Amino acid sequence: MDKIAVTCEENSLDAQVDPRFGRAAGFLIVDPDTMEFEYINNGSTQVMAQGAGIQAAESIAKSGAKILLTGNVGPKAFQGLEAAGIKIGQNLDSGTVRQAIEKFKAGDVDFASSHNKTGHWK
Amino acid sequence: MKIAIASGKGGTGKTTVASSLLSVWEAPVIAMDLDVEEPNLHLFLKPTITGKRTANMEIPKVDDTLCSKCGKCGELCQFKAISLMGEVLMIFPEMCHGCGGCIAICPEGALTTEFRELGEVTWGHSGRAEFLMGRLRVGEAMSPPLMRVVKEKLEEMMDTVSNDEISKDVIIDAPPGVSCPAINAVMDSDVILLVTEPTPFGFYDMKLAHEAFSPMGKPMGVIVNRAGLGNNDVYDYCAEKKLEIMAEIPYDRQIAETYARGSIISESSDEMKQLFISLAEKIKQTAGSKKSQGGMS
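For the protein sequence lines, the chains are U and F, in the order given.
Residue numbers for the first sequence follow numbering that gives the first Met the number 0, so the first one is 0 and each next one is one higher.
Residue numbers for the second sequence follow numbering that gives the first Met the number 0, so the first one is 0 and each next one is one higher.
Think of the hints as simulated: they come from the structure by calculation, not from any bench.
Take these hints with a grain of salt, some might be off.
To be verified - Under the rule of at most 16 angstroms between Cα atoms (straight-line distance), these lysine to aspartate or glutamate pairs were calculated in the EDC-like manner:
| id | chain 1 | residue 1 | chain 2 | residue 2 |
| --- | --- | --- | --- | --- |
| 1 | U | LYS61 | F | GLU74 |
| 2 | U | LYS65 | U | ASP30 |
| 3 | F | LYS68 | F | GLU107 |
| 4 | F | LYS51 | F | GLU116 |
| 5 | F | LYS272 | F | GLU247 |
| 6 | U | LYS61 | F | GLU86 |
| 7 | F | LYS206 | F | GLU239 |
| 8 | F | LYS240 | F | GLU210 |
| 9 | U | LYS65 | F | GLU86 |
Computed from a predicted model, the values in this text were never measured in an experiment.
Chain U extracted, bound-state conformation (with noise of 0.2 angstroms):
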């Protein structure tokens, strides 16, 4: 099965999913059979004064995951995402990533086709 990103505030399965996308602490990239996992740290976007959303969308694109599960995600961020082909799963943000993987594996998480957040500017 495809590999999994998710948005995590800590190194850890156990971890709450981050809401945010662009400035998410780090991800955890997950192999979904075995649950083997690696963990990139993002927080270089959080003292980006802009473009956070895109450089977050480069590492997941660089990672090889193709199923992206967070809580919110901005229109430059989604962009991005979609032209590298990751499936998007927003509004995951009230458990662990652990909670949120076994919420994709019984097939209870529904794909996005638009961004759920605004842009700074608009």
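Fit chain F to the known structure of chain U by using the hints.
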């Protein structure tokens, strides 16, 4: 001589001072509104407009048949205006600052230019003064690139000297704040006037402006507007930092009414006219003494 009228805090009276100073300044002089996000000097000068041009900025455009997806452009760009998403090179035009770095670094020559509209540059005349302003396009977020185009037009206007003996003075209505637009507006000036009000907000933002502009080493003076309001913090700070208070405009209902009607306050009474004539003298002295001391132009 170029005189920048800046403030830190917005709404302290930059345009009030700029329009009044222009009214008593002898020609040849150019009035330049560099507050391109919200230009308003024209509301007081009511200039006759004789020309305008659209200001554009070069941004990158990709030829996908030439792009090798190396991603060097995206690594270079500090603003994420160009980014390699998997196998797709994406350009976000509104993020671009127009540096041209991506085009220069592309090894395949796959990037060429197209344009993003920044806004409009308008010019004309008002009484004895020539007039120049920039107005940012609604939705555009970056002022400095447009301000550069306005300044290019200023250079053209400076070059057309009617009388060979006298070069033109420029009075600049600057934007508020202390970030890039404000710095851009004052960086070419010979004198910076900080307009403030003696309130906690006015004091706090004047201090920020003084700190931000000080490294440029230009002579600075303070104009206290709404004098009589607030407290003594502005005066104490100016005394401590040896900043000259060049004028005090009283906190007065008559002045507010004159401004609200779109009239120029130095034209509303003899007292106000004298205040600005005396301010104009002090500005010339400040610029002149600095020149003789430091040889700055």
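Evaluation of the provided hints:
1. With a CA separation close to 13 angstroms, the supplied pair U:LYS61 and F:GLU74 stays within the 16 angstroms bound.
2. Of the pairs offered as hints, the one joining U:LYS65 and U:ASP30 holds, with about 11 angstroms between alpha carbons and a cut-off of 16 angstroms not exceeded.
3. Of the supplied pair hints, the one linking F:LYS68 and F:GLU107 holds, its CA atoms being roughly 10 angstroms apart against a limit of 16 angstroms.
4. Distance check on the hinted pair: F:LYS51 and F:GLU116 sit about 14 angstroms apart at the alpha-carbon level, within 16 angstroms; holds.
5. Proposed proximity of F:LYS272 and F:GLU247 is supported: the alpha carbons are some 13 angstroms apart, at most 16 angstroms.
6. Pair hint U:LYS61 plus F:GLU86 holds up; C-alpha atoms about 10 angstroms apart against a cutoff of 16 angstroms.
7. Note on F:LYS206 and F:GLU239: the hinted pairing holds, with a Cα-Cα distance of about 12 angstroms set against a maximum of 16 angstroms.
8. About 11 angstroms separates the Cα atoms of F:LYS240 and F:GLU210, which keeps this hinted pair within 16 angstroms; it holds.
9. With a C-alpha separation of about 13 angstroms, the suggested pairing of U:LYS65 with F:GLU86 holds against the 16 angstroms cut-off.
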